[in-house]
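Novice: Starting from the known structure of chain R, fit chains P and G onto it as the hints suggest.
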Amino acid sequence: MKFRTLAWFVGPSVFMMLLFIAFPLASVFLQSFQITQPIVETVEVETCTPGFLGQTCVTETKTTPVLDENGNPTTTTEWVGLLSYARVLQLEQVGAAIASGTWSSILAIDFWKALRFTLTFTLVTLPLVIGLGLAIALAVNNAARSIRGQIIFVSLLPFIITPVIGALSIRWLFYGDGIVTAMLEGMFSTDISVAANGWAIEMLMMFYRVWHVAPFAFVIFYAGLQTVNQDTLESAIIDGASRFERLRFVVVPHLMPLIIFIALIHLMDAYRAFEEVIGFSSQAHRITLQWLTYDLLEPDDAGNRAISRASASAMLTMIGIVILLIPLLRRTWRDHKGSAH
Amino acid sequence: MATPKALQQPASLRLASASFLAFWCLIAAFPIFWIAVMSFKSPVDAFSANPLNVVFGPTTRADGKGLSIIDIVIGLVVLIAAVRLAFTQLPKWVGRLSPPGMAIIGWLVGAAAYAIAFLIVFFGILPVFLGGLNAVTGPLGAPVLGLTTEHYYAVWIENGFWRNFQNSLIVTAGVVTISLTVGTLAGYGLARSGSNLAFWILIIALIFRALPHSVLVAGYLPVFINSAEILRPILGENAPTLYGQPLAVIAVLVAINQPFTIWMLRSFFQNIPNELDEAARVDGCTHFQAFRWVIMPVMWPGVITTGLFSFLLAYNDLLVTSLLLDAQNQTMVPAIAGYFNRETTTTDQVEAVAAAVSITAPLFLLVMIFQRQIVSGLTAGAVKG
Amino acid sequence: MKLKTLLMAGAVSLMATAAAQADCAFENDVQVKSLSAGFEAWKAVTDAMAECGNVEAELDQEFRTKQPAAFAANPSLYQIGGVSNGTVTPLLNEGTIRPLDDLVAAHGQNLAPNQLIKIDGQTMAVAMMVNTQHLMYRQDIFDDLGLEVPSTWDGVLEAAAAIKEAGVVDYPLGATMKSGWNLAQDFNNMFLGFGGVFTDADSMPTVNTEAGMKALDMMMRMTEYMDPEYLVSDSTYVQQQFQQGKIAMANLWASRGAAMDDEAESQVVGKVNAAAAPLAMEGGAPATTLWWDGIVIAKNISDEEADAAFRVAMEGLDTEMVTANNDEAIWLISGYQPNRLAEGAIATASADPAPQSYPSTSQMGLMHTALGNELPAFFTGERDAAATLEAVEGAYVTAAKEAGLIE
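Chains as they are written, first to last, in this note's numbering: chain R, 1 to 341; chain P, 342 to 726; chain G, 727 to 1133.
Next up, chain R with everything else stripped away, as it sits in the complex (with noise of 0.2 angstroms):
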């Protein structure tokens, strides 16, 4: 195909992901390496604010920006290198920490807890969505032709509801007095608080996105399995490959590609997790590097916004993920080198 031929056809993909995405990335790249600031000044203040009744008046000093002659606030623009950067990694803490032979102090730092959580969570999660969704695919390939409709059915619904509605439904089966902790209390006579715990938290936010996201491995597995060679199967049987040898060696093989491509979505998805955070309220106690930026970006009743950190943050969750694919993106390129013309 001529290369005018390719433009034509990828043109309007390609404008549209410059224009969203690209532009956007591009802004943030720059803006993780300036800080930009309203120029201040102080200036007494009296304000006066209701009581119930009465009023009561105030003179404070107050730091407000200057305004130039239309009225909008003047700012400055500074290039700082990579000082959002060491912000967000607050590297004079760790420096500190790891001196003081304190290793479990670094933890609480945000970044740091933040990468170690989503880490973990992102690396427990992938087997056991692997996992559970070969086994729904077999078990379903293995079921009555009568009824395979309705299980493939709901064993979608977890992957098609809405991420937020899927988690308070989780949520409110175990947080308070919600019924699986209910009775859990009743079988053992204790007094559970699922979310005073941040592992009890953590697991839940796992089985969240393992609940969640199985179905959808589960069916690319299945639709997976309606192509495995029956000669090959056949021949394994002839040669005496017990079941387990069977699945190993002919079945696991031929889902490969299948696997490499669940894994590959999982781990972008995993590692940029952001829903359980808020559907569970674990900021308390666990937070992702999705989160992390996002609490970055939020405005305060002020209306501040840590702009340049957040970049920072996005770029460095962009970098951690680009790390975690990198093995998967070599086998794509050895694909792509083979498979060319």
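Everything labelled a hint here was simulated from the structure, so no lab data went into it. Do not rely on the hints blindly, as some may be mistaken.
Stated by the list, open to error - Below, in silico cross-link-like pairs of lysine-lysine (DSS-like), each with a Cα-Cα straight-line distance of 30 angstroms or less:
#, chain 1, residue 1, chain 2, residue 2
1, G, 972, P, 406
2, G, 769, P, 406
3, G, 890, G, 940
4, G, 844, G, 769
5, R, 113, G, 1025
6, G, 972, G, 940
7, G, 940, R, 113
8, P, 406, G, 1025
9, G, 890, G, 972
10, G, 1025, G, 844
11, G, 769, G, 1127
12, G, 940, G, 1127
13, G, 769, G, 997
14, G, 997, G, 972
15, G, 890, G, 997
Specialist: Here is chains P and G on its own, set in the frame of chain R:
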């Protein structure tokens, strides 16, 4: 189909496999089933710690809202009849009435019509009929199971949730159509080009997919709000404010969804033999003509599957829609999230649950209709790597 | 079916407008849009404004993110903004709202003087209600156990111990200590109650002080009597705990009072009473902050629009609206009849010395965020009090440097 003897499984394995599947289905469906039950109860019952209270709803029943034995029996009969009808008669009607080649649209229209007819019968006619029946049957007509549809009424009629439903339809339809049009072209182009450029487009798209969305979205907001000012030098006085426009949100969602779409469709097109369009080109077709006349007729399974994923993304999106749409154009998910803000009451929460359950219903229908297409689409395309 | 619903809803809203327009003193023919938070009081006010016609009210949970940008646009996307003393700050700082003195003189004859929020003598906003966190308690439990309603936090802890001893509720105390904004706000209350000051004249933080330590210590002592899941408990959660009879006391927002007597939700109707927020130390102010909510008018709009917007807003803030929605808030508007549950808020606001109004400064915004992010580690036991306050100051300094408030 006869199973070869060696493939027959020992009873223990079959039992293990069946019970595993039953267990999984329970876990998969229970949380969703449970919020569905909650949505029909008064707030006190819905958040009760005792599961029996949630199921039987004593407080709801005490308020005089409930189902009698007669209600339950007749309701179940109607429900089962409706499901049977859906699986036996509906396909026939659709087959007979939809014009050839338009089976998919026929199915969509048929399913929607059926759903509406069901809603009218089940929630419109049946309650009136049963109300009369309950009044004359004495103890059999007394409520035993607390159940109320007031939250659904509050959400859909009083709070005007149907407007959000409309907006969701617009956004979702827009995203699916544009995403597939743009993505199909790109997917085909990338599948048929072995150049390094194509490869790098794919890899960069993959990295784009990995971006944390909150960063992108926060970048859009100021630009969208000030777009009238920014675009005025170019477009003059007609420069639009993009903030709040469904079209702008559609464009953003399409872009965010492009990486996944082109990857799926590319692997799908790779499995359509190259010889097919090469033969067409030998006959003098251009690439576009080959695409139009040879590829388009056989690409539908893959497109439907990919379309479903686009649909899910657009339908379920919260981050983009909540920030970039104003109240008039708000879709359903941010509207529901709005019930859970700092200033909610328990009633708001149960109403949110009712809203959440009702937005799941269209997803149900969709998956029911397209279930086989999903599997066959995946079998034909993406899953071959 | 859908068509029918549409028609029905259309008919209902038409009827509503027709009936309502009679309630509005004038017919508004200028398109007016408002952006505010979405709680009950705003629903009441915007519904009353809509009676004048051509009003589009947006009650948006993302309003904090949208408001500064939308008001800075030219022309502004909204004419009316709903703000509180926290969220008015960015609008004031960026100069995107207009002084209201002319409009108040022209159309504000029904406003009470204490409704006018004055910055350097100029009226910048019109308040409609006050809100504060104060003590709500179960009167029946206190009567049964013969307990006095506590007026200090030490007294609260003693009462909590007695209630725990009696075992009448699951947890004696509730608190809005969800990590983030809520937890930080609870710390603010206690810190101010112990006479703390957040920043000095150079914008440097001063929370790592005795007042800070005392506040954290008191909060930690409170947690002994609370549901262990307190780090996820926001106002709605505490309200539910009250309604389900699980707690006996909480320092809760006045705007939540009405829900205690809501028969559809509450199992404790009529049993919850309100008192002034307890003192943290003798002779101090009640350990809480005063908040107001009110309206502002955008600057980047024409004077006709501003005039129409202000008149519409005045219709929303009139006595008629208050009589119809008396219990939704502690209104500042004439015609408001304080009910039983409003007593606590009024006692708090008129205490001597009175609690501070939540400071509307950029520094406070940064401090609030720093507290919300760093305090949870203290309550999960990862850090001690001194290290936590040090971390808070560190986070504040980083943010303040980035915002250009300190060098």
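Novice: Hint by hint, note whether the structure agrees.
Specialist: Quick rundown of the hints versus the structure:
no. : hint             : result
1   : 972(G) / 406(P)  : holds (26 angstroms)
2   : 769(G) / 406(P)  : holds (28 angstroms)
3   : 890(G) / 940(G)  : holds (24 angstroms)
4   : 844(G) / 769(G)  : holds (25 angstroms)
5   : 113(R) / 1025(G) : violated (44 angstroms)
6   : 972(G) / 940(G)  : holds (28 angstroms)
7   : 940(G) / 113(R)  : holds (28 angstroms)
8   : 406(P) / 1025(G) : violated (52 angstroms)
9   : 890(G) / 972(G)  : holds (12 angstroms)
10  : 1025(G) / 844(G) : holds (17 angstroms)
11  : 769(G) / 1127(G) : violated (39 angstroms)
12  : 940(G) / 1127(G) : holds (28 angstroms)
13  : 769(G) / 997(G)  : holds (27 angstroms)
14  : 997(G) / 972(G)  : holds (13 angstroms)
15  : 890(G) / 997(G)  : holds (19 angstroms)
The earlier numbered hints that this structure contradicts are 5, 8 and 11.
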